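Asks: Spelled out, the chains give:
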Amino acid sequence: AQSVTQLGSHVSVSEGALVLLRCNYSSSVPPYLFWYVQYPNQGLQLLLKYTTGATLVKGINGFEAEFKKSETSFHLTKPSAHMSDAAEYFCAVRGPGNQFYFGTGTSLTVIP
Amino acid sequence: EPEVTQTPSHQVTQMGQEVILRCVPISNHLYFYWYRQILGQKVEFLVSFYNNEISEKSEIFDDQFSVERPDGSNFTLKIRSTKLEDSAMYFCASSRTADYGYTFGSGTRLTVV
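Going down the list, the protein sequences come from chains A and B.
The working numbering applies: residue 1 is where the first sequence begins, and numbers increase by one.
The working numbering applies: residue 113 is where the second sequence begins, and numbers increase by one.
Next up, chain B with everything else stripped away, as it sits in the complex (with noise of 0.2 Å):
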């Protein structure tokens, strides 16, 4: 069964530094989203993505996030000057069309200290 695929699994970083969380959607998806999930709080959205521009937003989307499809096959989240509270599991999933269930990749552990 097609999976998403999220990269690392787990990634430790200095407070201040930035840092790149990669997912590889469905081949045949065309919306793609993440969301974060803080210790012990709710799964959260952040952004949608298609046709190669953001969508929709959350307000903990701001200007310290960015997403960028680079290629015809990865789509990636950036966190510029991480703070202690962006420790968090960070989801990407992907859906073939709005209507559609998503399929949520295992997850990035992000863990700044």
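One chain only, chain A, in its complex shape (with noise of 0.2 Å):
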């Protein structure tokens, strides 16, 4: 069965600092990964996916995320926050049928 887990709820993070959501997934087939944000009042925007090959994945905004089967882990990152990426942030994974299973959701605060 396809699941995502995503630790903290809540992340607060100074503007410039490093920026870390943790995703963990259970998958019975080898995982799609995905990470999401959402702006207040919008939609969900992709940020990056895995689907194979490199295990490094960029996306947009200057984040970026690893996929380690090892430790079933997707986690997010960036070098340094900037008060525009104040957002939730949703990490999902794809499973049959190109069904999504999402997390719950993190929520960012970038503090000035």
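It should be emphasised that the hints constitute simulated quantities derived from the structure, not laboratory data.
Careful, some of the hints might be misleading.
[What the hints assert, rightly or not] Restricting the straight-line Cα-Cα distance to at most 27 Å, the calculated cross-link-like pairs of lysine-lysine (DSS-like) are: (1) 195/B - 169/B; (2) 69/A - 154/B; (3) 49/A - 190/B; (4) 69/A - 58/A; (5) 49/A - 154/B; (6) 154/B - 68/A; (7) 58/A - 195/B; (8) 68/A - 58/A; (9) 49/A - 69/A; (10) 190/B - 154/B; (11) 190/B - 169/B; (12) 154/B - 195/B.
[As the list claims (entries may be wrong)] Stretch by stretch, here's where chain B covers chain A in the computed footprint (C-beta under 8 Å, at least three residues): (13) 33-42; (14) 45-54; (15) 102-111.
Just so we're clear, the structure is a prediction, and the values are computed from it rather than from any experiment.
Heads up, the beta-carbon is just placed ideally off N, CA and C, and yes, glycines get one too.
Two chains, each in its own frame: build the complex with the hints.
Replies: In structure tokens form, the structure reads like this:
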């Protein structure tokens, strides 16, 4: 069965500090993993995805994530937080039939 | 950049009424989806649609719900006899292929009173 666990429903970082949002997954098939961002009153925007190949994937806005099969993790990072990064972040794993299973989300606050 | 468009952005309806949520997927996409997000909870899969039929649906998607692609551009979600617990943000999404990442719309916030 497919599922995603996001550790930490709220994360606060100072502007310029490292952003680390954690995601662990469970999948009965080789996983396709995704990170989405949701700004207030907006839809879900794809940040990055891992399907096959290189385990370090780069996305938009300076974010990247590393697929670690041994740890069943797909943590999202950004070296230097910007005020505009404040949003809700969702990790997702694709299941059979292209259905996505989302985590509960992590709300990122950036402190000036 | 192509977008998935959802209307209305916010709909308030009385309990027991029927609502239709509308979506215009990206024009060359073939796979369509509805998800919902109850306030403070996960984004949950409702249904996927391909080739004019439902390809997969979740337990949530019972007889109260239906989807339709009435013409070449729109993709609708109908909720019959709405209940208070149907209040949620409903997201439409589309993808070009089954292996491609989704593009989500900005959502319709449904409030049942």
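Asks: Hint by hint, say whether it matches the structure.
Replies: Now for the hints, and whether the structure bears them out:
{"no.": "1", "hint": "195/B - 169/B", "result": "holds, 20 Å"}
{"no.": "2", "hint": "69/A - 154/B", "result": "holds, 24 Å"}
{"no.": "3", "hint": "49/A - 190/B", "result": "violated, 31 Å"}
{"no.": "4", "hint": "69/A - 58/A", "result": "holds, 17 Å"}
{"no.": "5", "hint": "49/A - 154/B", "result": "holds, 19 Å"}
{"no.": "6", "hint": "154/B - 68/A", "result": "holds, 24 Å"}
{"no.": "7", "hint": "58/A - 195/B", "result": "violated, 42 Å"}
{"no.": "8", "hint": "68/A - 58/A", "result": "holds, 15 Å"}
{"no.": "9", "hint": "49/A - 69/A", "result": "holds, 15 Å"}
{"no.": "10", "hint": "190/B - 154/B", "result": "holds, 21 Å"}
{"no.": "11", "hint": "190/B - 169/B", "result": "holds, 14 Å"}
{"no.": "12", "hint": "154/B - 195/B", "result": "holds, 19 Å"}
{"no.": "13", "hint": "33-42", "result": "holds (count 4)"}
{"no.": "14", "hint": "45-54", "result": "holds (count 4)"}
{"no.": "15", "hint": "102-111", "result": "holds (count 4)"}
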